[in-house]
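4 protein chains.
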Amino acid sequence: MNYAYLGPAGTFTESALLQVPGAADAQRIPASNVNVALSMVREGAADAAMVPIENSVEGGVSATLDAIAQGESLQIVSEILVPITFVLAVRPGIDSLEQIKQISTHGHAWAQCRLWAEANIPGAAFTPASSTAAGALALEEADPPHDAAICSPLVAQERGLKVLVSGVEDNVGAVTRFILVTRPGRIPQPTGVDKSTLILPLPEDRPGALMELLEQFTARGVNLSRIESRPTGKSLGEYFFSVDIEGHVAEERVAAALSGLHRLSPKLRFLGSYPAAQGLEASVDTHNSDAAFSEARAWVQSLRDRV
Amino acid sequence: MNYAYLGPAGTFTESALLQVPGAADAQRIPASNVNVALSMVREGAADAAMVPIENSVEGGVSATLDAIAQGESLQIVSEILVPITFVLAVRPGIDSLEQIKQISTHGHAWAQCRLWAEANIPGAAFTPASSTAAGALALEEADPPHDAAICSPLVAQERGLKVLVSGVEDNVGAVTRFILVTRPGRIPQPTGVDKSTLILPLPEDRPGALMELLEQFTARGVNLSRIESRPTGKSLGEYFFSVDIEGHVAEERVAAALSGLHRLSPKLRFLGSYPAAQGLEASVDTHNSDAAFSEARAWVQSLRDRV
Amino acid sequence: MNYAYLGPAGTFTESALLQVPGAADAQRIPASNVNVALSMVREGAADAAMVPIENSVEGGVSATLDAIAQGESLQIVSEILVPITFVLAVRPGIDSLEQIKQISTHGHAWAQCRLWAEANIPGAAFTPASSTAAGALALEEADPPHDAAICSPLVAQERGLKVLVSGVEDNVGAVTRFILVTRPGRIPQPTGVDKSTLILPLPEDRPGALMELLEQFTARGVNLSRIESRPTGKSLGEYFFSVDIEGHVAEERVAAALSGLHRLSPKLRFLGSYPAAQGLEASVDTHNSDAAFSEARAWVQSLRDRV
Amino acid sequence: MNYAYLGPAGTFTESALLQVPGAADAQRIPASNVNVALSMVREGAADAAMVPIENSVEGGVSATLDAIAQGESLQIVSEILVPITFVLAVRPGIDSLEQIKQISTHGHAWAQCRLWAEANIPGAAFTPASSTAAGALALEEADPPHDAAICSPLVAQERGLKVLVSGVEDNVGAVTRFILVTRPGRIPQPTGVDKSTLILPLPEDRPGALMELLEQFTARGVNLSRIESRPTGKSLGEYFFSVDIEGHVAEERVAAALSGLHRLSPKLRFLGSYPAAQGLEASVDTHNSDAAFSEARAWVQSLRDRV
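Residue numbers (the UniProt record's numbering), protein chains in the order written: chain A, 1 to 307; chain B, 1 to 307; chain C, 1 to 307; chain D, 1 to 307.
Keep in mind that the hints were calculated from the coordinates and are not lab data.
All figures in this text were calculated on a predicted structure; none of them were measured in a lab.
Note that the Cβ used here is the ideal one computed from N, Cα and C, for glycine as well.
Take the hints with a grain of salt, since some may be wrong.
Straight-line alpha carbon distances no greater than 25 Å define the calculated DMTMM-like cross-link-like pairs of lysine to aspartate or glutamate that follow [stated by the list, open to error]: (1) B:K234 / C:E281; (2) C:K267 / C:E212; (3) C:K267 / D:D305.
Which bits of chain C does chain B cover? Going by a derived footprint, with three or more residues having C-beta under 8 Å, they are [as the list claims (entries may be wrong)]: (4) 47-57; (5) 208-222.
Bound-form chain A, shown alone:
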């Protein structure tokens, strides 16, 4: 197995990938953006790709949401949660916050540390970096373009960077969810605490279309754990929805909901059923149990056999 991931090395995405059994010893290929990582999988250059899909503060990762919604089909086979905490690394010679005139990091990291920065280094000018790791690595240059960088503890540790402050993030406890994506293939067996991911184009722009879709879940007691709206890119007000539900396609109530969704929105995509990184076994009402579905189907079949 070889793995693509949203690089460069040392990002939170690599941290996520390292949690996959076997990945520490496998080939890991950093990609410059999510599209590149997913293309490597689609084209066979990688067996799987680890990409971020959602941050508890910043929300959905648009690039990922859009990339897996279009193009050749892909499949999510697992998810990894990584707590997000940032350190302030500085170039040699910087010993106090007052000395920091120039700071760099990725725009998303900057957004997550802005309040800290406004309070603690109000005079520092911000320059965006293409990744948190890139901003950090530049501190090692002979003539660093900035005095400090906000980056992951991993990269600071690996490169032996000087850390002036740890935990500079505004939202303590932030978490990013990463997904491991492969070409479509075998779906992992249900574990009892599973998730399924769907792409649901709104069938047409009429009042209640979204409700009709959601009704397919509630009618079978299927919980949503994530819902993101994304523009189709065609015109303002045209959306598709990226949805995570609790449950596995091997469960009858999930299969029934998918069947209903397919009727209403035949271009939907099923992106996989996989073990949930956290969560409890869903409590399923008797009338939504596998047994209830099987019995109902058998009963109706017995009627239809009489025609």
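Please arrange chains B, C and D on chain A, whose structure you already have, making use of the hints.
Leaving out everything else, chains B, C and D in the frame of chain A:
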């Protein structure tokens, strides 16, 4: 074939039965009440029974609704509509309305002619009869117990009774719907304009339980053409519903609705799919078509095959 | 105050009326049918009328349901529950069940004792009476037209009739609900455990019309305690619904549901809010409380004041 | 009047602001980010702020969605649509695409031109800029840090930059929607084609909570024109929704929907009713018309007056 029907001879029920192909030449057995007629079918004494189920003015026929909802299963194989019109038959010697002091008929018929009676024979005392035919036949006795009877044109004609006034019903255009009931067996093939009849016990007494049942129909675009609430007989406020829907169990959207209902109310009864006596072919939305259901099922199956 | 009621004297309806405070000493006027009783109220000949509306075994009383749904508006001001138990009264000279050849009672009473009769007096011929009391009183005639009558304990006791068997009803524990009806006027104050009665014409014959009406209740957590379908009398398949809900029009969630219903079915009738004869105080979700409605209204008004 | 806007000068946001009547001659204050622009309004340093809220390709602008959802209340008073088209500006000395080794622009603009860049300047290294204007202005420096910048036609024209290619955006026809935000005050009169914007926290994490909110709209025939999910920032899976609806709070159906939403989610925010930049007058069903609401309210009030 031999047929039981709600007697005595000459009632509207026999009129309905005579419309069944072959019934005019078959054995026809009048039963004293609906329960008796249906018991004859259940026990094999009759092959089928014709009973009234609904009148456009009086509403559902409780005896029938309750009798087919309980006990051994039965099946409705066809329905017959009979226009309801009444005549005022009188005993020999009566020539004008003023002479009528005593009048008799079945309570239901009386209810349907009450306004006429109040306006035209306000002084006449009413005695209930066990059927419209029984009230009419009594006029032939040596010393008739009443002066007039309200009955069907059929019985008046067959017995040569003197008819003083025709069309004494208050609601011109009233219609009664009759059903032909057999033991469960082969279900008639779909014709394109069919009906199915269901008995739906309310699953439990919680807000919205009825709505959850009805939602099974609306979610698949299945129309209700009749809904009757009936007490379960256990306590006030406990109901079951007797429902006719447009469509045949061989149609996917009907099968899907039945399956959903079975999950919510597993003691429901399916009483048959049969040709509708009137009505247009249902206009079915694309997403509720047989094709949409088949495609959705095949798609979900293709996913489940990958687990 | 004077009271009309569905007569004759000695029926269960009079038992119900006697439970109304003051009615025992007031003028009580028996009416020959429900329409007559209600007309007396509409025309001012009576201040109020007691009529049956529902039996736990037989279901809704069609005559009442239809009479209060049409014509000049009326108002329900209270409800009374009466347990229904029947006795077998016999004419002088009858000492055993075997001697009974002819039996009479009202058709509804007969329906409620039919199994007992089939098991205990299988050979007896049934003649319908216009009321249970009428069938019983005939036993006092010089030459009674029948040997036995099924009637209320009250009438047997009042007339000193010979009772051969008590409790001949098939369904032990049956209850009939009676309503006290006046011309529209002051609505009783809410007690905390109240009921409201509505007549809901189905707005049009389209799929989901009934669901849209019911949704007005569920959206506000308003429970239905009774729902009866009745034909409009115009053609098969046209219904109105007679509905009891838990709650009082003075409560915000009930008022909001009524307002929503009026928009969908402007010809609906409100027949009154009145204390429930039994039941617990409704448990109301916070978001359906009077406070939640008041605050929401005040908030929206504060916005509209800014336009 | 003075206006803050998401700067620097020459961005699409300034283009939007210039469409506001009077803004061309008013003081226009560029802000370094959306939060700063909105804070200026909240603190009185600006009377209004123009900020982007939604792009037809990239989706909702998270910074804006989050900033108006929290903190002191603000109000949207108008919206402006700006077509998004980009040009490739180059530093002096660059005459062909092959010469471009370094390119810079804002990350969002880069995302919108990525396919063009991959196809036409595959070898160019990308450096993120803090805005499209900043990347363009750097081309004027003595020693430009990059060879080319992707920017708006406006800034290229104003600064006399050399444009090598126009229309480098991947999605021709992309549009960004901007909103003009003030402190809460007078709400613009309805025009017949209006929009209202809401922030809806999901009341609690239970199945169907989102459906319950949406049901408030569909029950009154209120269309959604935009729905965006945003994380609350507390934990994964906690969302609020940012929603635009068709209609004005002065319209009864909108007021009723808001009232229902307030009951379910009392912390919702109303961010204003304002003229829609495009769209047709909503077709309103009779039962959702202002008249239907007024009549229903008057009817219920007439009942409550009788208590």
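Quick rundown of the hints versus the structure:
A C-alpha spacing of about 23 Å is found between K234 of chain B and E281 of chain C, which places the hinted pair at or below 25 Å, so the restraint holds. Our distance criterion of 25 Å between C-alpha atoms is met by K267 of chain C and E212 of chain C, whose separation comes to about 15 Å. At most 25 Å may separate the alpha-carbon atoms for a hinted pair to count; K267 of chain C and D305 of chain D meet this at roughly 20 Å. Closer than 8 Å: that is the beta-carbon criterion, and the region 47-57 of chain C has 4 residues meeting it against chain B, so the requirement of 3 holds.
Requiring three or more residues with a Cβ within less than 8 Å of a Cβ of chain B, the coverage given for the region 208-222 of chain C holds, as 9 such residues are present.
Consistency note: the structure conflicts with none of the earlier hints.
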